[in-house]
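Listed below, chain by chain, are the residues.
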Amino acid sequence: MTATSTLTIRGQQNDDLDQLYTLWSFPDVLLDSVELPYLSDEAFRDRFGTTPPHTHTLIAEVGLPGGRTRITGFAWLETFLARRRHAGRLNLLVHPDHQGTDAESALLEAVLDLADNWLGLRRIEVHVYIHNAPAVALYERYGFEIEATMRRYALRRGVYDDAYIMARLHTVPVDQHSQGKNA
Amino acid sequence: MTKPHAATDILIRAIETDDYQDITVLRISGNVPANTLNLPYLSPDTIRDRLENQPATMYGLVAVVDERVVGYLGMLVDSGRQAHVARLGMMVHADYQGRGVGTALLEAAINLAENWLNITRIALEVYTDNEPAIALYKKFGFEIEGTLRDYAYRDGDYVDSYLMARIRKDA
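Chains as they are written, first to last, in my numbering: chain A, 1 to 183; chain B, 1 to 171.
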């Protein structure tokens with residue numbers, strides 16, 4: 001199935017909410033975020049029914065036999081304002097069956113393409129629990145570096161756990177004319 | 001010229017909507033924009049709007065000297081799995097720095113957070129070259145947790161910030 005399944009990265013659509021909400025039903029997905037389980041349908045719709053300004057949402061979806069599709073990942077990139085307009089914070093939730101797969105890395109690559117080549121963001125940060133080695137490795141592979149260790153960042157499995165701030169800096173391209181000279 | 005005041009001359013109280021004019025003046029005074037995320041031009045209307053629409057989890061304190069608001073501290077308490085976390089930002093009018101206003105504000109905020117709101121982590125960001133502020137935070141037990149590169153834009157260039165946090169002693 002994996003070999004034949006097609007992966008699509010796309011923007012959020014109106015009828016995504018029900019399937020998107022299922023990502024919130026996997027404890028393994030929520031553990032490594034600051035999200036809560038048992039989110040009411042209403043609260044979920046309030047949060048993700050309309051994309052807030054300055055926030056970009058991306059969805060990873062695979063095709064299943066019979067023409068059905070499954071949402072395998074959800075990313076939301078919140079960009080900051082005014083003197084932090086060059087910066088944003090990324091949140092990534094990936095279906096447990098698809099963590100560490102192409103569905104995850106393709107989603108991250110799409111976010112970085114959006115940030116680098118369309119939004120011209122200079123700085124993207126993520127918060128990652130220090131015990132979440134796969135996520136730390138994933139972000140390091142894409143140029144994120146550990147900048148800070150936040151002590152007692154959030155409650156995880158009943159314990160106040162520490163988290164890293166990891167950030168990736170991207171130099172915004174020079175203008176077309178100087179690029180031409182270098183080419 | 002204003003003269004230095006003893007700490008007893010500083011009143012700390014909750015912020016009120018009527019403070020918006022003093023707050024506007026202090027936010028753009030002297031080095032305050034350079035040491036915060038404030039912009040150098042600011043409308044009092046904007047500040048009044050903000051004060052009238054504060055989230056319930058935002059706690060604002062002001063320092064009053066000579067019946068004038070010369071210091072402001074805003075503390076936002078997080079929720080859910082981070083309900084034990086508060087984040088704060090503060091500023092003191094350029095003419096009143098270095099005479100205990102920041103100390104009085106921060107002391108009050110830590111008391112409010114740790115002894116009344118049961119907060120065990122208080123975090124803040126400070127530009128890496130703001131030595132007086134860093135010294136103040138260290139005096140109150142805040143530790144540098146890391147350096148955030150190109151955190152903000154200031155006077156034509158990107159600047160780094162430290163992330164600093166204070167963990168309550170019993171935590």
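Rather than coming from a laboratory, the hints here were simulated on the basis of the structure.
Computed from a predicted structure; not experimentally measured.
The C-beta atom is built at its ideal place from N, Cα and C for all residues, glycine as well.
Fair warning: there could be bad hints in the mix.
[What the hints assert, rightly or not] Computed beta-carbon distance windows for the label pairs:
id : chain 1 : residue 1 : chain 2 : residue 2 : range
1  : A       : A106      : B       : D160      : 29 to 35 Å
2  : B       : L117      : A       : Q19       : 25 to 31 Å
3  : A       : G158      : B       : D66       : 48 to 54 Å
4  : A       : N14       : B       : Y41       : 20 to 26 Å
5  : B       : L11       : A       : T149      : 33 to 39 Å
6  : A       : W118      : B       : T128      : 27 to 33 Å
7  : A       : Q19       : B       : I28       : 28 to 34 Å
[What the hints assert, rightly or not] What the simulated footprint calls covered on chain B by chain A, stretch by stretch (three residues with Cβ under 8 Å from a Cβ of chain A suffice, anywhere in the stretch; the number is not a length):
id : segment
8  : 52-64
9  : 69-82
10 : 94-108
11 : 135-148
Problem set entry | Verdict on chain A covering the segment 52-64 of chain B, where coverage means 3 or more residues with a C-beta closer than 8 Å | violated (count 0)
For this session: Confirm or reject the coverage of the segment 94-108 of chain B by chain A under the rule of 3 or more residues with a beta carbon closer than 8 Å to the chain's beta carbons.
Result: violated (count 0)
Exercise. When you take the CB atoms of G158 (chain A) and D66 (chain B), is the distance between them in 48 to 54 Å?
Worked result: For G158 (chain A) and D66 (chain B) the Cβ distance comes to about 50 Å; the hint holds.
Problem set entry | Range agreement (Cβ of I28 (chain B) with Cβ of Q19 (chain A), hint 28 to 34 Å) | Violated, at about 48 Å.
Exercise. A106 (chain A) and D160 (chain B), beta-carbon distance inside 29 to 35 Å?
Worked result: holds, 32 Å
For this session: Could you check the hint for me, namely that L117 (chain B) and Q19 (chain A) are 25 to 31 Å apart, CB to CB?
Result: At 38 Å between Cβs, range violated.
For this session: For W118 (chain A) and T128 (chain B), compare the CB-CB distance with the range 27 to 33 Å and indicate the outcome.
Result: With Cβ atoms ~31 Å apart, the hint holds.
For this session: Starting from the hint 33 to 39 Å, judge whether the C-beta atoms of L11 (chain B) and T149 (chain A) obey it.
Result: holds, 38 Å
Problem set entry | Cβ contact check, 8 Å cutoff: the segment 135-148 of chain B against chain A, three residues minimum | holds (count 4)
Exercise. Quick one: are N14 (chain A) and Y41 (chain B) within 20 to 26 Å, going by C-beta?
Worked result: violated, 40 Å
For this session: Verify the coverage statement for the segment 69-82 of chain B against chain A, using a C-beta to C-beta distance below 8 Å and requiring 3 or more qualifying residues.
Result: holds (count 3)
Of the hints listed earlier, those the structure fails to meet are numbers 2, 4, 7, 8, 10, in rising order.
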